[in-house]
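Peer 1: Listed below are the residues making up each chain.
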Amino acid sequence: MFQRKWAKHWREEGIKAGLFLCATVSVLTTFAIVWILIREAGVFFQEVSVSEFLFGTQWTPLLEPRSFGVLPLVCGTFLIVAGTALIALPAGLATAIYLSEYASSRVRSILKPILEVLAGIPTVVYGYFALSFVTPLLRTVFSDVQIFNAASASIVVGIMVLSMVASLCDDTLRAVPASLRQGAYAVGATPVEVTLGVVIPSSLSGIMAAFVLALSRAIGETMAVTLAAGATPKMTMDPFVGIQTMTAYIVQVSLGDTPAGGIAYQTIFAVSALLFVITLIMNIVSSHLLRKFREVYE
Amino acid sequence: MNMIAHKKALPEKFLMDSKTMGKELSGKNKTENIVLQVKDVTICYSGTPAINNVSLTIPERRITAIIGPSGCGKSTLLRSFNRMNDFVPGATVEGQVLYRDIDLYGSNVDPVEVRRKIGMVFQKPNPFPKSIFQNVAWGPLINGFRKDINERVEKSLRAAALWDEVKDRLKDSAMALSGGQQQRLCIARALAMEPEIILMDEPCSALDPVSTARIEDLMYELKQQYTIVIVTHNMQQASRVSKFTAFFEAGKLVEFGKTKNIFTHPTNKRTEEYVTGRFG
Amino acid sequence: MISRSLTYRYWFARAFHVFCFVVAWTGVVILGILLFHVTREGIQWLDLQFLSDFPSRFPAKAGIRSALFGTLWLMGFTALFSVPIGIGSGLYLEEFTNKNRFSRFIDLNISNLAGVPSIVYGMLGLVIFVRWFGLEQSVLAGSLTMSLLILPVIIISTREALRSVPNTIRQAAFALGATRWQTTYAHVLPAALPGILTGIILALSRAIGETAPLVMIGALTYVAFTPEGPMDDFTALPIQIFNWASRPQQEFHELAAAGILVLLLVLLMMNSIAVYIRHRSEKRNL
Chain R
1 MFQRKWAKHW REEGIKAGLF LCATVSVLTT FAIVWILIRE AGVFFQEVSV SEFLFGTQWT
61 PLLEPRSFGV LPLVCGTFLI VAGTALIALP AGLATAIYLS EYASSRVRSI LKPILEVLAG
121 IPTVVYGYFA LSFVTPLLRT VFSDVQIFNA ASASIVVGIM VLSMVASLCD DTLRAVPASL
181 RQGAYAVGAT PVEVTLGVVI PSSLSGIMAA FVLALSRAIG ETMAVTLAAG ATPKMTMDPF
241 VGIQTMTAYI VQVSLGDTPA GGIAYQTIFA VSALLFVITL IMNIVSSHLL RKFREVYE
Chain B
1 MNMIAHKKAL PEKFLMDSKT MGKELSGKNK TENIVLQVKD VTICYSGTPA INNVSLTIPE
61 RRITAIIGPS GCGKSTLLRS FNRMNDFVPG ATVEGQVLYR DIDLYGSNVD PVEVRRKIGM
121 VFQKPNPFPK SIFQNVAWGP LINGFRKDIN ERVEKSLRAA ALWDEVKDRL KDSAMALSGG
181 QQQRLCIARA LAMEPEIILM DEPCSALDPV STARIEDLMY ELKQQYTIVI VTHNMQQASR
241 VSKFTAFFEA GKLVEFGKTK NIFTHPTNKR TEEYVTGRFG
Chain P
1 MISRSLTYRY WFARAFHVFC FVVAWTGVVI LGILLFHVTR EGIQWLDLQF LSDFPSRFPA
61 KAGIRSALFG TLWLMGFTAL FSVPIGIGSG LYLEEFTNKN RFSRFIDLNI SNLAGVPSIV
121 YGMLGLVIFV RWFGLEQSVL AGSLTMSLLI LPVIIISTRE ALRSVPNTIR QAAFALGATR
181 WQTTYAHVLP AALPGILTGI ILALSRAIGE TAPLVMIGAL TYVAFTPEGP MDDFTALPIQ
241 IFNWASRPQQ EFHELAAAGI LVLLLVLLMM NSIAVYIRHR SEKRNL
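Residue numbers (the working numbering), protein chains in the order written: chain R, 1 to 298; chain B, 1 to 280; chain P, 1 to 286.
Just chain R, with the same shape it has in the complex (with noise of 0.2 Å):
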């Protein structure tokens, strides 16, 4: 009695292996990352120094004379990603004070499937609505624009990872317990010192989590600033003029004639290398952040 059945045991083991193989699918992934991008950017690394690619100023590797610095790349990335920042955080935030401070139950569910609207519509979209709106009315605003231009580009990263920082900060808010609220109100301070004075400051830890979380994403779009921001690497403050992100820089490669194999192609895997390394210290960075904020308040 009581004793174990084995046909029912082993069934019930067989299963759960198969569902381990499962999970170990997404680990693997991750190796196989990490391992690729080493192993090709190796071989790029054996011809071209880790410090001139670095440190570098110059960006030319499939033009004579050749030259591996990446700066320029990672200052496009930058450039749009300070654009990004300077439009997404600000608009992301007042949103989310919006959704979790303002707004009636009624108005939070229109709204915020809305935003999730923004959020899913395809990044090749965005390309296109910077090419062919954003830039067109950016030059009849000002006169210097060029058509390809990173100011374009940011907008319209900006507007996609708005209802990103909208929808986590907002999450964040919420999680604020409502005692503190009160207990604010009940010493006579208006909604809005409730809400900069404690709801913000009491929730930093988690928007700051957004806010990486947001910029990472932006440092890793692809085709909107492929489409708007050009291919021109170039290290420049100017948002008016044509740059090249290092994301651009990649499909540019992959979609000319390069040669597979020479060093000219090898240059890809080494700037998603960098690419992998600077959105994985910010994801790592963004998710600290956050368990910081829930071992607060859960």
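The reader is advised that the hints may include incorrect statements.
[What the hints assert, rightly or not] Simulated pairs of lysine to aspartate or glutamate, EDC-like, Cα-Cα distance not exceeding 20 Å: (1) P:Lys99 - R:Glu13; (2) R:Lys16 - B:Asp86; (3) R:Lys5 - B:Asp103; (4) P:Lys99 - R:Glu295; (5) R:Lys112 - P:Glu282; (6) R:Lys5 - B:Glu113; (7) R:Lys16 - P:Asp107; (8) R:Lys16 - B:Asp110; (9) R:Lys5 - B:Asp110; (10) B:Lys130 - P:Glu282; (11) B:Lys130 - B:Asp172; (12) B:Lys117 - B:Asp103; (13) R:Lys8 - B:Asp110; (14) P:Lys61 - P:Glu254; (15) R:Lys292 - P:Asp107.
Derived from the structure by calculation, the hints contain no laboratory data.
Starting from the known structure of chain R, arrange chains B and P on it as the hints suggest.
Peer 2: Below, chains B and P alone, put in the same frame as chain R:
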């Protein structure tokens, strides 16, 4: 019903093992058959004991009530009888829980098989979000029941005093039943497995007084065939339905004996204070 | 003195409220502008001929037949790979393992994978599926890459759906002598299914618009046939849109807009299904 195949009185020395018990149960000329025997059991959650060195015997085809203040470990002890504690991470059980003469925590015992024989009814009615029929039929079916399932469902629902209310709507969702009906359905679901013991973890705490009374009547019926162990907060309930009562406090068994004695002249002062409502 | 500062404080509170209100609804306005612009540009090209023609150098003859079919093939195989593996991983992590070091490691790993830029998945697909497995620029290579990309999304939403199933249901099943798998298969999975399906549809609608990984594995931009098997070359809607949008001529931009309209309609359909499933399951649980 043939579920109680081997009822044989346990030898006297077995009974004497737990000193709180012996005299009480075999008093006068009536000897109770012991179905579950708890020997020096300590149950810890992540090292903190919830049940501390408890010994207890559960007589066959009787209702045994476990009472005590919140957090005294009653539910923990109950859940060790069908190894539901296995699902709590960090829970450890020391000592022995003997069913007849098999240690439920022995190395060759499969907890899944234990639960087929020892059923459980929970605090909140928890029917599956399926039809009434499926709720009752599922247990036997997954355990390889190959005979007439309709008959088994009807028999279980009748035994749980629910048949007349639901016989015309067996295909309806169980969620549409009232709380009291849901709880009786959960009892029917447990009965369909033809268990020998039914563990009830505060089965009436989420129910209104009328539903509670029906469940108590039902328990009275069921004890003809089943051994019932009930954890309850409700002292009147314990005194109404049970034959034996165990009083726990802070993870320790304070007193165990005939319900009549526990409630009229308890030997322990704490028991007296608790049953008369002075604390807890 | 007190009343003046209070007046100011009320004014500021009011202004802040208005500011947040305006910003929040600006997002909606922008969405409106975007949809309006795309429709205005593309609607004149959107007809049956556009759907049934292959791409062409001449805008008047160009269509998205191969892209539409390519996307359908791609999504079909992506779902085939990612759904079972995603649900299986979710089940393992939520139901079949305790919180130990290994499960925490997988946890961390999945949340990091969700943040890896899609173009990096493209590199992975390029090296492993295209080169190593020798799948070339096939539907199979594309859908395997896409599967890895959306796997974290499916796993995360599956786990959330499983977590929302009340524990009392599991206990009820275990107390009847059910094994872990019997409990999961008969009770937990059906209860979580609407949530899981919603997550799958959202993951697939992310995949359907993804362009960068397909560009990386070398999905062709000009394909004048529809794929007939998993090993065929293919193009996809976003690739075609990208191709048209990156040309300088105005007509091709308008074709891109028409392609976007088709893509958005497909997305709208998928999301409607998700909303319908969510709605139905909410109604049933009442």
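Peer 1: Work down the list of hints and note, for each, if the structure agrees.
Peer 2: Okay, the hints, checked on the actual structure:
Among the hinted pairs, P:Lys99 with R:Glu13 is consistent with the structure: their alpha-carbon atoms are about 19 Å apart, no more than 20 Å. Simply put, R:Lys16 and B:Asp86 have alpha-carbon atoms about 18 Å apart, close enough for the 20 Å limit, and the pair holds. Between the alpha carbons of R:Lys5 and B:Asp103 the distance comes to roughly 17 Å, so the proposed pair stays at or under 20 Å and holds. Distance hint between P:Lys99 and R:Glu295 is fulfilled; the C-alpha atoms sit about 18 Å from each other, no more than 20 Å.
At most 20 Å may separate the alpha-carbon atoms for a hinted pair to count; R:Lys112 and P:Glu282 meet this at roughly 19 Å. Distance check on the hinted pair: R:Lys5 and B:Glu113 sit about 8 Å apart at the alpha-carbon level, within 20 Å; holds. As the CA atoms of R:Lys16 and P:Asp107 are separated by approximately 18 Å, the hinted pair is consistent with the 20 Å bound. At roughly 17 Å between alpha-carbon atoms, R:Lys16 and B:Asp110 fall within 20 Å of each other, so this suggested pair holds.
For the suggested pair R:Lys5 and B:Asp110, the alpha carbons sit about 8 Å apart, so the restraint of at most 20 Å is met. Taken as a hint, the B:Lys130 and P:Glu282 pair is honoured in the structure, with Cα atoms around 15 Å apart against an allowance of 20 Å. Distance hint between B:Lys130 and B:Asp172 is fulfilled; the C-alpha atoms sit about 8 Å from each other, no more than 20 Å. Between the alpha carbons of B:Lys117 and B:Asp103 the distance comes to roughly 14 Å, so the proposed pair stays at or under 20 Å and holds.
Simply put, R:Lys8 and B:Asp110 have alpha-carbon atoms about 11 Å apart, close enough for the 20 Å limit, and the pair holds. The suggested pairing of P:Lys61 with P:Glu254 holds, with an alpha-carbon distance near 13 Å, which does not exceed 20 Å. At roughly 17 Å between alpha-carbon atoms, R:Lys292 and P:Asp107 fall within 20 Å of each other, so this suggested pair holds.
The structure fails none of the hints (numbered hints given earlier).
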